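J.: The primary structure of each chain is shown beneath.
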Amino acid sequence: GQSLEQPSEVTAVEGAIVQINCTYQTSGFYGLSWYQQHDGGAPTFLSYNALDGLEETGRFSSFLSRSDSYGYLLLQELQMKDSASYFCAVRDLAPNAGKSTFGDGTTLTVKP
Amino acid sequence: NAGVMQNPRHLVRRRGQEARLRCSPMKGHSHVYWYRQLPEEGLKFMVYLQKENIIDESGMPKERFSAEFPKEGPSILRIQQVVRGDSAAYFCASSLTTDPTGELFFGEGSRLTVL
Numbered sequence: 149g150q151s152l153e154q155p156s157e158v159t160a161v162e163g164a165i166v167q168i169n170c171t172y173q174t175s176g177f178y179g180l181s182w183y184q185q186h187d188g189g190a191p192t193f194l195s196y197n198a199l200d201g202l203e204e205t206g207r208f209s210s211f212l213s214r215s216d217s218y219g220y221l222l223l224q225e226l227q228m229k230d231s232a233s234y235f236c237a238v239r240d241l242a243p244n245a246g247k248s249t250f251g252d253g254t255t256l257t258v259k260p
Numbered sequence: 397n398a399g400v401m402q403n404p405r406h407l408v409r410r411r412g413q414e415a416r417l418r419c420s421p422m423k424g425h426s427h428v429y430w431y432r433q434l435p436e437e438g439l440k441f442m443v444y445l446q447k448e449n450i451i452d453e454s455g456m457p458k459e460r461f462s463a464e465f466p467k468e469g470p471s472i473l474r475i476q477q478v479v480r481g482d483s484a485a486y487f488c489a490s491s492l493t494t495d496p497t498g499e500l501f502f503g504e505g506s507r508l509t510v511l
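As they're listed, the protein sequences go chains U and L. Numbered per the working numbering, the first sequence finishes at 260, counting up by one with no gaps. Numbered per the working numbering, the second sequence finishes at 511, counting up by one with no gaps.
Hints in this document: simulated from the structure, not taken from any laboratory. As the structure is a prediction and not an experimental result, all values here were calculated from the model. Virtual Cβ for every residue (Gly too), placed ideally from N, Cα, C. Heads up, none of these hints are tricks.
Derived Cβ-Cβ restraints for the label pairs, each shown as a range:
1. Lys259(U) with Glu448(L): 47 to 53 Å
2. Gly399(L) with Arg207(U): 20 to 26 Å
3. Ile472(L) with Gly163(U): 43 to 49 Å
4. Thr171(U) with Arg411(L): 36 to 42 Å
5. Lys467(L) with Gly201(U): 37 to 43 Å
6. Ala164(U) with Pro404(L): 36 to 42 Å
7. Gln224(U) with Asn449(L): 41 to 47 Å
8. His406(L) with Ile165(U): 34 to 40 Å
Chain L with its partners taken away, still in its complex shape (with noise of 0.2 Å):
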């Protein structure tokens, strides 16, 4: 059974270009979480999705950014216009419904440089 896959793991994007940050959950899980870390740092969150809804995005900024995860396919993190601020790792987790614990099944990352 595959882990969460996020692809691609390095990103290298110049400013004012768009990046595109794409993630499989595992197996059976509906729902889809973003968080971006910056060096030495915590997970800070962005976004929660079930399919082809948006749960939460109070952690994601209102302009540039935009998140989706359709029926099919993978959950895709969008960063438009990308600035030098933009670069960090962005994780990408999912969790199954039914798990009282919540347990997070994270990837491991993309990684974007903005130059």
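Bound-form chain U, shown alone (with noise of 0.2 Å):
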């Protein structure tokens, strides 16, 4: 089976730099992705780590670290509108390599 762990809340300031970090124990997958959710709208991808190392898009960047079996997702130059929850996902290997599980989600505050 697959679990995750986050922290359940965050709390930064405008402009900031914030860390979400993620554990997580695993029978093996494919990759780490991360996803954005306001306000219990649709959930939306943010990024997907198949390889250990640092992906960057933008503001946000996010790691893997297989051996460590953890993952984090850096968002920058923090605005208002991060403010939401923000989950790591794992996908599953073959034969339901299209199914992910999630976290429980860290809710981001962000403070004028």
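Two chains, two frames, a set of hints: combine them into the complex.
T.: Below is the structure:
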């Protein structure tokens, strides 16, 4: 089975940098993804790490270390609109390679 | 290109009634997933379907819940004899077979309230 742990809440100020950690226990997976959800709306895909290392997409970066069973999402130059819930997810191996298992999410509050 | 469409957005049922939630995936997507989310909680996997096939239903309760994705038409998540504990947001997602990231595209969800 798959299980992922994230902090439940993180608070930061506008313009700052924040890191949201995700530790996992899995029986194997293809990659680690991150999703953003505003106010219970549709979750949206942010990033994906198939290999160890850092992936950068604009103000957001994501990191994976398979040896440490750990990943994180880094948000730079925080804006008020970044206040949302952030979920890490692992994508299962075949034959269920389409299925992703999600963590319980981290609620990020950005303050002025 | 329309996104994942779910309806109804909100559904109220009394205990013992049936709830039917519909999901039309993005054009060209052949994989559909249903997730359930309780307030302040994460997305819990329920079922993974391809056209006319259930690939993985390990997250779906064995009783009262069923899902289908027919050759024509939307995917349906059906909950029979609803109970208060079924109140939740039900999200549908779809993905492309060939996308190596397995990116999921989510609908806006259907919020079921059981009175």
